[in-house]
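J.: Protein sequence lines, in the order shown, are assigned to chains A and B. The letter at position 293 of the first sequence is residue 293 when you use full-length UniProt numbering, and the numbering goes up by one with no holes. The letter at position 222 of the second sequence is residue 222 when you use full-length UniProt numbering, and the numbering goes up by one with no holes.
Do not rely on the hints blindly, as some may be mistaken.
The list cannot tell twin chains apart, which means a pair is met if one copy fits it or any two copies do.
To be verified - Derived SDA-like pairs: lysine to any residue, alpha-carbon spacing no greater than 25 Å straight-line:
1. K4 with E91
2. K88 with G217
3. K88 with P208
4. K330 with A22
5. K260 with L238
6. K244 with P208
Derived from the structure by calculation, the hints contain no laboratory data.
Protein chains: 2
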Amino acid sequence: MDPKVVAAMQPYFSENFYNPSAPYAPAIVVRRAYQAAKDSLGHTLGVKGDELVMTAGATESINLAFHSIGGHIVTANVEHHAVLEAAKQYEHTLVKADERGLMTPTMVKAAIRSDTRLVSIAIANNELGTIQPLRAIAEVIREVRKTRLAHGNHTPIYLHSDASQGVGQLDINVARLGVDLLTLNAAKVYGPKQVGLLWAASFVTLNPQVRGGGQEGGIRSGTENVAGVVGFAKAMELASEHRKYESDRLATLRDTLQNKLMAAFPNAVLSGHQKHRLAGHLHISFPNLDAERVLFALESRGVLVATGSACAANKGTRSHVLTAIGLPPKIADGSIRMTLGHMSNEENIAQATMHIIEEVRREYARVQS
Amino acid sequence: MDPKVVAAMQPYFSENFYNPSAPYAPAIVVRRAYQAAKDSLGHTLGVKGDELVMTAGATESINLAFHSIGGHIVTANVEHHAVLEAAKQYEHTLVKADERGLMTPTMVKAAIRSDTRLVSIAIANNELGTIQPLRAIAEVIREVRKTRLAHGNHTPIYLHSDASQGVGQLDINVARLGVDLLTLNAAKVYGPKQVGLLWAASFVTLNPQVRGGGQEGGIRSGTENVAGVVGFAKAMELASEHRKYESDRLATLRDTLQNKLMAAFPNAVLSGHQKHRLAGHLHISFPNLDAERVLFALESRGVLVATGSACAANKGTRSHVLTAIGLPPKIADGSIRMTLGHMSNEENIAQATMHIIEEVRREYARVQS
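Can you make the complete structure from the sequences, with help from the hints?
T.: Quick look at the structure:
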């Protein structure tokens, strides 16, 4: 977490620990701080604070969105596990992304049936960094609505996006994106873990999964996570403030890293869209190498990289995203995913580049001997 | 929160902020800390750490338990809103508690049908402090199981208890309580908000509401709340360590407060079981007074008391618990609920007693003039 985020949260751990729903004045101060934090989060999305349902993270938000709308769902084979697992509970179609992990509006349109109620596409892929053309996909949804209306089909259709990966680097104004529901996660912007939100347009009816005291407009009960939401708002403010500068800075660092690795290993394979890609993401595969061995070697030198997504990595299975984009096993198993962030700078990226080149060379030498 | 809890959480906000499911070594350290925290929590319940499903609080735990078992549910009309609202989604019977808020085993037995799958009784009532005879109720459940087996009825029946109110003052060993599922909340033991757990016996099948990366044994997905769970474990350790001493200390303080108030206002009405009651709870009603006016007057003098439960208070409705125990409106509306805790001591309770007596006298004088 950003130290400024931790500092913003501290008062709500101790002196301001009152239940925001309690009637006495110190609790009202807490309630106002909570509402102000939601307003601030809403501001980044271009909506009002009370349109947001605060949750325990993106996974819960996605499940709440799917639970609320159900019906036939269209999503992609490169989506996060949270989306894929939530979708499994309903009739659904998985659109096949192209080899860059991209979903085109045409692909989405082809998958929409007359009874499709929800299309869910993440703003950017968490492994490849590929940014999806959400605005153009939203245009497809609008066309479908018009066509349905003209044919007397009153089945609603909504566009949901998990924007957790994009926040801090992309514009997440919901009107400009054209989405009807949006999920965000605090931990992806140097905020606290287990804090997220779901925004839904006023014409979308949300159906609670967790019922009780009626918090969050009755949509998600449970005593409010005041410290967590205040931290989320602070993290989002910091991310929005530096978004343009930080994106440019990370893209420059990432491009340098990418160019040096490609120069050293001309047979390496870059995955993800090379233009529409998150600034801090680099996905590179070294054919015939065991990426896990490189990962452990790099770790002992202080360079932390990933192979698949963290969830899949822990299960010892190959990344479903790499399978989905058709990367052959020999290439997929040599894949390393690097993410740059606030703490990345010219100096440590130069050092990391050197370590990676050395360790990949060492591993190639071992395999070839 | 207890300052020791905040201190225990701090490292997991910054240097140990890794995703515990990530493959590299610093993340494994975080994963071990997370597992150690769950083991420590399990120890208090007399179970293994990996039998616990960590959630975003008691409300989510209760909803998960009900969602998993469903069927006909037996619960009480004095239960917390989280239980009542979760129960509304299923066929259910609300047992009427007696005038002390007590549920007897006989009452529970009478409400169980041949298709009842779940009985849910909180360990103690959050407004009145009345402690329920859980062990004797568990005995009823065991008898029902035997009878069902003898009659070839294979419908399972489980006992769930929300023990959030009792933790820190009561023994919550699940074997001694005889429960099959147990819910706990961290904030009730000076731990963080939005952290809770659900324990279920190995023979109970839980059915996830939130699906995704497969955390918590696949029962509750989402990146783990490491800081929150570490804080919960620390809070629980502190609470367990001082449980006996703290219960006795609070009961003594509470009894002094109660005796002085009853001496000053002999017409006041005490609610809740006077013997089987949480040590820190005092529920007292001043007939014909408007408790809210007293609450606001006391607040300006630094004494924070409540009228109904926080959730209900915020909606301006009379507490459903007071209605359930048959307290007439003229008495119920003059009800004040006081909870003593770690920060209560002889000196501030003596001061509070004085303020309460003065303000109640002032309010009686106003009403009678």
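J.: With identical chains, the pair K260 and L238 could be close in the same copy or across copies; at 25 Å between alpha carbons, which is it: within, between, both, or neither?
T.: neither (31 Å within a copy, 53 Å between copies)
J.: With identical chains treated as interchangeable, where does the CA-CA distance between K244 and P208 reach 25 Å or less: within a copy, between copies, both, or neither?
T.: neither (36 Å within a copy, 39 Å between copies)
J.: Please sort K88 with G217 into within, between, both or neither, judging by C-alpha distance up to 25 Å.
T.: between (28 Å within a copy, 18 Å between copies)
J.: How would you label the pair K330, A22 (within, between, both, or neither) given a Cα cut-off of 25 Å?
T.: between (59 Å within a copy, 23 Å between copies)
J.: Have a look at K88 and P208 and pick one of within, between, both or neither, based on CA distance no larger than 25 Å.
T.: both (19 Å within a copy, 13 Å between copies)
J.: Checking K4 and E91: alpha-carbon separation at most 25 Å within a copy, between copies, both or neither?
T.: neither (44 Å within a copy, 49 Å between copies)
Checked against the numbered hints given earlier, the structure breaks hints 1, 5 and 6 and satisfies all the rest.
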